[in-house]
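Between the sequences and the hints, there should be enough to build the whole structure, so can you do that?
Quick note, in the UniProt record's numbering, the sequence shown goes up one by one and the last residue is 270.
One should not assume that every hint holds.
[What the hints assert, rightly or not] Derived pair list, reagent style DSS-like, types lysine-lysine, alpha-carbon separation capped at 27 Å: (1) K81 <-> K67; (2) K29 <-> K141; (3) K155 <-> K139; (4) K81 <-> K155; (5) K28 <-> K81; (6) K67 <-> K141; (7) K155 <-> K138; (8) K67 <-> K138; (9) K81 <-> K139; (10) K138 <-> K81; (11) K10 <-> K29; (12) K81 <-> K141; (13) K81 <-> K29; (14) K10 <-> K28; (15) K155 <-> K67; (16) K67 <-> K139; (17) K141 <-> K155.
Note that these hints are calculated values from the structure, not bench results.
Keep in mind the model is a prediction, meaning the values are calculated, not measured.
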Amino acid sequence: MTSGLMIVAKNYDASLRLATEIGAREVKKYYICRADGHFPDEVEDTPNTLPQGVIACTQPLGPICSKMGLHAVVPESSGGKPACTHFKRLLYDSNTNTSLVVCRLFTGRTHQIRIHLQYLGYPITDDPLYNSSDWGDKKGKGAQYGIPVDEVIRKISTHRSKDSYLDFVHGTESNISGFDKFRDHLNSTRSALDKEVRDRLLQSFDSTCPECNRFYKDPDMKSLVLQLHAYRYEGAEWSYTASLPSWATRLASHTSDFPALIQSCISALG
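Next up, the structure:
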């Protein structure tokens, strides 16, 4: 899940103005992310008309498995849609070999920043989907997987099926009844339910129902929180900025005047 800004119009007129600005691509969207490796100041394909240190990625994007919501670099001849993201390194941390990067979206394709960073070879740190060897030995850098796309999809599907979160099936692991397991889960501190709701759920349990006897582990927090943050949105007459998440401030703890450094990157990105 991406953190940071989410803009919601509170009335019809504001909604219309916002939709018009977004549709005309007049809203500037800036994100901050943490990426693996030392993000470069230049790459071979970047036009020399860009400011110093700004990297552009214009690879077209499209779905490769709609069922999983999986997208990738797809040629326009095969249905890919134009996409453009500009990046500039904010800082590099040698202790973790990761970089904070400011990103500006010029289009809004699904998973655009994540896929463009994967393509450049600097995927978002701990991204459970696009920073994975399921995409091949180079994790999808340059959209070169070394295996057929169908095999990439199969691997990702296998490693992310609901059964991979299966914790307990009554009758296969212990003598604890499914109902006891269900009740213990509802009573645990991680299931902070009021008594009325808990009682209704207990009454709904059916010992003969296969699904009632299947229990799933809570996912790891790293798989729920993406180190990608919607930092600032700007329109013609408005601007909103979100406070930085802890993973960004920790990495910048020894950087003096960090807000000014962010602003200089945003200015370079335009």
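Against the structure, the hints:
1. With a C-alpha separation of about 19 Å, the suggested pair K81 and K67 falls inside the 27 Å cut-off, and the hint holds.
2. Proposed proximity of K29 and K141 is supported: the alpha carbons are some 25 Å apart, at most 27 Å.
3. Between the alpha carbons of K155 and K139 the distance comes to roughly 13 Å, so the proposed pair stays at or under 27 Å and holds.
4. Our distance criterion of 27 Å between C-alpha atoms is met by K81 and K155, whose separation comes to about 25 Å.
5. Only pairs whose Cα atoms come within 27 Å are accepted, and K28 paired with K81 is accepted, the gap being roughly 20 Å.
6. Simply put, K67 and K141 have alpha-carbon atoms about 23 Å apart, close enough for the 27 Å limit, and the pair holds.
7. Between K155 and K138, the direct Cα distance comes to roughly 15 Å. Compliance with the 27 Å bound is thereby established for this hinted pair.
8. Only pairs whose Cα atoms come within 27 Å are accepted, and K67 paired with K138 is accepted, the gap being roughly 25 Å.
9. This hinted pair checks out: K81 and K139 have alpha carbons roughly 22 Å apart, not beyond 27 Å.
10. Between the alpha carbons of K138 and K81 the distance comes to roughly 24 Å, so the proposed pair stays at or under 27 Å and holds.
11. Our distance criterion of 27 Å between C-alpha atoms is met by K10 and K29, whose separation comes to about 20 Å.
12. For the hint pairing K81 with K141, the CA-to-CA distance comes to about 19 Å; that is within 27 Å, so the pair holds.
13. A C-alpha spacing of about 19 Å is found between K81 and K29, which places the hinted pair at or below 27 Å, so the restraint holds.
14. A hinted pair counts as satisfied when its Cα atoms are at most 27 Å apart, and K10 with K28 qualifies at roughly 20 Å.
15. Of the pairs offered as hints, the one joining K155 and K67 holds, with about 14 Å between alpha carbons and a cut-off of 27 Å not exceeded.
16. Taking the CA atoms of K67 and K139, the gap is near 21 Å; set against the 27 Å cutoff, the hint holds.
17. Note on K141 and K155: the hinted pairing holds, with a Cα-Cα distance of about 17 Å set against a maximum of 27 Å.
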